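Peer 1: What follows is each chain in one-letter form.
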Amino acid sequence: MQVQTHVDIQSEWGIVAARQAGRKLAREIGFGSVDQARITTAISELARNIYLYAKKGQIHIEEVIASNNRKGIKVIAVDKGPGIKDIRKVMEDGYTTSGGLGAGLPGVKRLMDEFSIDSEINNGTKITAIKWLR
Amino acid sequence: MQVQTHVDIQSEWGIVAARQAGRKLAREIGFGSVDQARITTAISELARNIYLYAKKGQIHIEEVIASNNRKGIKVIAVDKGPGIKDIRKVMEDGYTTSGGLGAGLPGVKRLMDEFSIDSEINNGTKITAIKWLR
Amino acid sequence: MEETRLSMYQSYKEMLTSYIKSKSEHALYSAQQFSKEMMEKDMSPEEMVSLHLSVFKEIVDELPEEVIASFDLLLEVMIGYGLAHQEHLSLRDRQRQLDSELDVAARMQKSLLPNEQIEVDAVDLGVVSVPAGKMSGDYYHYLSDEHGNIGIAVADVIGKGVPAAMCMSMIKYAMDSLPEQRLQPAALLENLNRVVARNIDSDMFITMVYGTYAPREHLFYYASAGHEPGFFYEAATNTFEDLKTKGLVLGVSPKVHYKEFSINMEPGDFIVLLSDGVTECRIHDHFLERSQISSLIGKYKHLPAQAIAENVFRELEKIQDFELKDDFTLLILRRNV
Amino acid sequence: MEETRLSMYQSYKEMLTSYIKSKSEHALYSAQQFSKEMMEKDMSPEEMVSLHLSVFKEIVDELPEEVIASFDLLLEVMIGYGLAHQEHLSLRDRQRQLDSELDVAARMQKSLLPNEQIEVDAVDLGVVSVPAGKMSGDYYHYLSDEHGNIGIAVADVIGKGVPAAMCMSMIKYAMDSLPEQRLQPAALLENLNRVVARNIDSDMFITMVYGTYAPREHLFYYASAGHEPGFFYEAATNTFEDLKTKGLVLGVSPKVHYKEFSINMEPGDFIVLLSDGVTECRIHDHFLERSQISSLIGKYKHLPAQAIAENVFRELEKIQDFELKDDFTLLILRRNV
Ligand SMILES: [Mn+2]
Ligand SMILES: [Mn+2]
Ligand SMILES: [Mn+2]
Ligand SMILES: [Mn+2]
Chain P
1 MQVQTHVDIQ
11 SEWGIVAARQ
21 AGRKLAREIG
31 FGSVDQARIT
41 TAISELARNI
51 YLYAKKGQIH
61 IEEVIASNNR
71 KGIKVIAVDK
81 GPGIKDIRKV
91 MEDGYTTSGG
101 LGAGLPGVKR
111 LMDEFSIDSE
121 INNGTKITAI
131 KWLR
Chain D
1 MQVQTHVDIQ
11 SEWGIVAARQ
21 AGRKLAREIG
31 FGSVDQARIT
41 TAISELARNI
51 YLYAKKGQIH
61 IEEVIASNNR
71 KGIKVIAVDK
81 GPGIKDIRKV
91 MEDGYTTSGG
101 LGAGLPGVKR
111 LMDEFSIDSE
121 INNGTKITAI
131 KWLR
Chain S
1 MEETRLSMYQ
11 SYKEMLTSYI
21 KSKSEHALYS
31 AQQFSKEMME
41 KDMSPEEMVS
51 LHLSVFKEIV
61 DELPEEVIAS
71 FDLLLEVMIG
81 YGLAHQEHLS
91 LRDRQRQLDS
101 ELDVAARMQK
111 SLLPNEQIEV
121 DAVDLGVVSV
131 PAGKMSGDYY
141 HYLSDEHGNI
151 GIAVADVIGK
161 GVPAAMCMSM
171 IKYAMDSLPE
181 QRLQPAALLE
191 NLNRVVARNI
201 DSDMFITMVY
211 GTYAPREHLF
221 YYASAGHEPG
231 FFYEAATNTF
241 EDLKTKGLVL
251 GVSPKVHYKE
261 FSINMEPGDF
271 IVLLSDGVTE
281 CRIHDHFLER
291 SQISSLIGKY
301 KHLPAQAIAE
311 NVFRELEKIQ
321 DFELKDDFTL
331 LILRRNV
Chain V
1 MEETRLSMYQ
11 SYKEMLTSYI
21 KSKSEHALYS
31 AQQFSKEMME
41 KDMSPEEMVS
51 LHLSVFKEIV
61 DELPEEVIAS
71 FDLLLEVMIG
81 YGLAHQEHLS
91 LRDRQRQLDS
101 ELDVAARMQK
111 SLLPNEQIEV
121 DAVDLGVVSV
131 PAGKMSGDYY
141 HYLSDEHGNI
151 GIAVADVIGK
161 GVPAAMCMSM
171 IKYAMDSLPE
181 QRLQPAALLE
191 NLNRVVARNI
201 DSDMFITMVY
211 GTYAPREHLF
221 YYASAGHEPG
231 FFYEAATNTF
241 EDLKTKGLVL
251 GVSPKVHYKE
261 FSINMEPGDF
271 IVLLSDGVTE
281 CRIHDHFLER
291 SQISSLIGKY
301 KHLPAQAIAE
311 NVFRELEKIQ
321 DFELKDDFTL
331 LILRRNV
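Chains as they are written, first to last, in the UniProt record's numbering: chain P, 1 to 134; chain D, 1 to 134; chain S, 1 to 337; chain V, 1 to 337.
It is worth saying that the hints were derived from the structure and are not from the lab.
Quantities reported herein were computed from a predicted structural model and do not represent experimental measurements.
Accuracy of the hints is not assured; some may be wrong.
[Claimed, not checked] Below, in silico cross-link-like pairs of lysine-lysine (DSBU-like), each with a Cα-Cα straight-line distance of 30 Å or less:
id: 1; chain 1: V; residue 1: K23; chain 2: D; residue 2: K85
id: 2; chain 1: P; residue 1: K24; chain 2: P; residue 2: K109
id: 3; chain 1: P; residue 1: K80; chain 2: P; residue 2: K109
id: 4; chain 1: V; residue 1: K36; chain 2: S; residue 2: K36
id: 5; chain 1: P; residue 1: K56; chain 2: S; residue 2: K23
id: 6; chain 1: D; residue 1: K80; chain 2: V; residue 2: K23
id: 7; chain 1: S; residue 1: K13; chain 2: V; residue 2: K23
[What the hints assert, rightly or not] So the derived label-pair ranges between C-beta atoms look like this:
id: 8; chain 1: V; residue 1: S18; chain 2: S; residue 2: E2; range: 34 to 40 Å
id: 9; chain 1: D; residue 1: N69; chain 2: V; residue 2: D285; range: 19 to 25 Å
id: 10; chain 1: V; residue 1: D103; chain 2: D; residue 2: W13; range: 37 to 43 Å
id: 11; chain 1: S; residue 1: S295; chain 2: V; residue 2: K255; range: 53 to 59 Å
id: 12; chain 1: S; residue 1: P114; chain 2: D; residue 2: I121; range: 52 to 58 Å
id: 13; chain 1: V; residue 1: E14; chain 2: D; residue 2: H6; range: 30 to 36 Å
id: 14; chain 1: S; residue 1: L143; chain 2: P; residue 2: N123; range: 38 to 44 Å
id: 15; chain 1: D; residue 1: I121; chain 2: V; residue 2: S18; range: 40 to 46 Å
Ideal Cβ positions, reconstructed from N, Cα and C, are used throughout, including at glycine.
Just chain P, same shape as in the assembly (with noise of 0.2 Å):
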């Protein structure tokens, strides 16, 4: 049986929630403190770019089993907002350490395994992350 957890994100308190529930799934599925903590800030960071840029929107998070039986974690960010123009533009590879944005997309990316994303202008975007347990 698969655990699979949705967050409503309108607000920062949604934010907060989405990093707890995410940060308790980890847990249960064994990883260790740094990867918890990992998977907290890309989930982290995913919820705040709907909050900023689309207002609102839903964050799932639930366990993944591969073809391998290896386990993971998988988030998926899902909004209706204005979409991304350039994707090519927005994966490129900023400076995290100049700020602004954060650690931005390229960041969740990093602290993920996979990372795929799908958006169309005035539709919404979803963005789908995996982390395996090592």
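Given the coordinates of chain P, assemble chains D, S and V with the ligands onto it according to the supplied hints.
Peer 2: Frame of chain P; chains D, S and V with the ligands shown alone:
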């Protein structure tokens, strides 16, 4: 009255002795713990360079006072080793994180406030570095 | 700076106090935001560790002496990370400067490419050329003369980035100096080959295809120097055919003879010239087949030439996860009437 | 990786145990070496903090619960530094790739410069040209024809790095296409000016000085397009004189007329052409005077031309703390007999 210390470097013990002398003086001058550690690391790298490339040499450490009464610590590393062929190259920003030579001279320059280098092929090298109390 | 430090100290103290008391996720969220702020202010990791210790010392009375000692060691290790961090900051500055330099160079490079529309009603021309990095090792060219004759070309320097871009600009200057051969594909390649062989190291090669369309004869003449074969689309049969190619890449030997081919074009037929960045589009671990490329082009064939090229690029970009492995150039020339 | 982690854990545990017991500098020295090792293995700072905590937990029995809690917060902050560190690693890789690309481009650029000795007994020629970065925006040229006539030039693209280098290569290709003007400094600059004005954005300028020496007449003719004035050294009086210069920089206006000057050279006299990277050599907050440059050249005047140039470069490099602010080019042509 200014304090001066000289340490002979010809083994790893010399490196440790130079570090210890530097850390002690840095603390007495009034540097905070982060700066103490930085100064010590700089001394360590200078001493290690002597040990690795010139086999032996000295580290001199002393308190300095600028014309505006600002206090600081001055480190001089002297050896009669092979000298540095291409100073521009050595001082080029290497890639510390890729290791090998370790922090090297660009690292020392970063850790301290002032840095100068004099070197003659087959006639040794003299490096002077100062860090000022903030 | 001192003020910043003080306010940093205050915020971190509040967070740590609150977290020790409540263990709340909210405090951890604040800590993450705090870390961004620290980095924006270029605080290095050893300063962070030292800040942590001083706050901690103040909050907890009588911290065991070994806890404090343990931080000495941690701090010592973090100095190395601090150096790496500072190196990162300067690398970032250097990279930024280089990036803006390359942006200027890329603009210069772009200005070497044709940018006006071709004013010939008999044909419809479209082109998309996107470098994998900032600068391109692909080159394209089109030009019409006073009789409505059209010359088109695509070239690809083997190699990428700045050196390839420098070669590419040489091709442009060399083309400029050969106005007489613009209607003779084979002769043009033969002359270019001489220039390339003279100026470029023997480990640099350039492939190129050059063609001309004569609107009164409805004939497309072309020659190729080892370049990725293009396609000929025949509207009557709705089929794609490879453009025959033979010929040594430019720059290998100073004297090479190129063979010229010709194709009769009916209304609606079109020619596709491309670089291998289009055909050798890698998805995960395999390449797209050439037949997949031609069906992709076929899917948009009802559109104007420029729109075909743009749509094909958009689809291929997406399949590759928005990361081009090679410079991409796709040029389409259709006979209208 | 697991094995590495385990051995890291072991070494750190020994260090921490020893340090807590003895507080010895030796343990701290080991910690510093350890940090290098961690970084060589691309371990990020948050992994370091986490390693510290797990070792610490094992060493100290019954660690106060608030100590452990405090580490949660520190770890959270360090994740941000960890991201920056990973970014650093990839930035470093990108920089390395770019560096090797620029090395190739710099080699290509170098191959555009003359590299054979001039075989004319009547003169002695020396040149040193060092870019501030990898690529140069300075250009120099020398050539002798079958009658022993010599052409020399120094040019400086306003701007540095890759875009400047791309302009520089254009100058070279343009010079190649103007063989007829090699003995006519003013005419050559006029032609070059047309090419530059046609091909380069209006915000890019090039300064240039071109001169020819006719060994039978012992006359040096030259013209300048807004270039930094060179020097004429007269052996008889042992004095340096500025080379007169007038003339608009290349590329401002398509039609410019350049004035030609001439100098009579006696044995031992020499001409110095240079770029402003030589004269605008900055030391701390002031520039060297031109008179300081000429006395520096005078100091080595007894040496062959190449040795003069090299010695001057070495001294100026040292004065500037081995960091060139601008591309440096110094060319010396001396009449021997
Ligand atoms: Mn290429
Ligand atoms: Mn290619
Ligand atoms: Mn310049
Ligand atoms: Mn200059």
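Peer 1: Now tell me, hint by hint, if it's right for this structure.
Peer 2: Here's how the hints hold up against the structure:
no.	hint	in the structure
1	K23(V) x K85(D)	40 Å, violated
2	K24(P) x K109(P)	21 Å, holds
3	K80(P) x K109(P)	21 Å, holds
4	K36(V) x K36(S)	25 Å, holds
5	K56(P) x K23(S)	27 Å, holds
6	K80(D) x K23(V)	34 Å, violated
7	K13(S) x K23(V)	28 Å, holds
8	S18(V) x E2(S): 34 to 40 Å	36 Å, holds
9	N69(D) x D285(V): 19 to 25 Å	23 Å, holds
10	D103(V) x W13(D): 37 to 43 Å	42 Å, holds
11	S295(S) x K255(V): 53 to 59 Å	55 Å, holds
12	P114(S) x I121(D): 52 to 58 Å	55 Å, holds
13	E14(V) x H6(D): 30 to 36 Å	32 Å, holds
14	L143(S) x N123(P): 38 to 44 Å	41 Å, holds
15	I121(D) x S18(V): 40 to 46 Å	42 Å, holds
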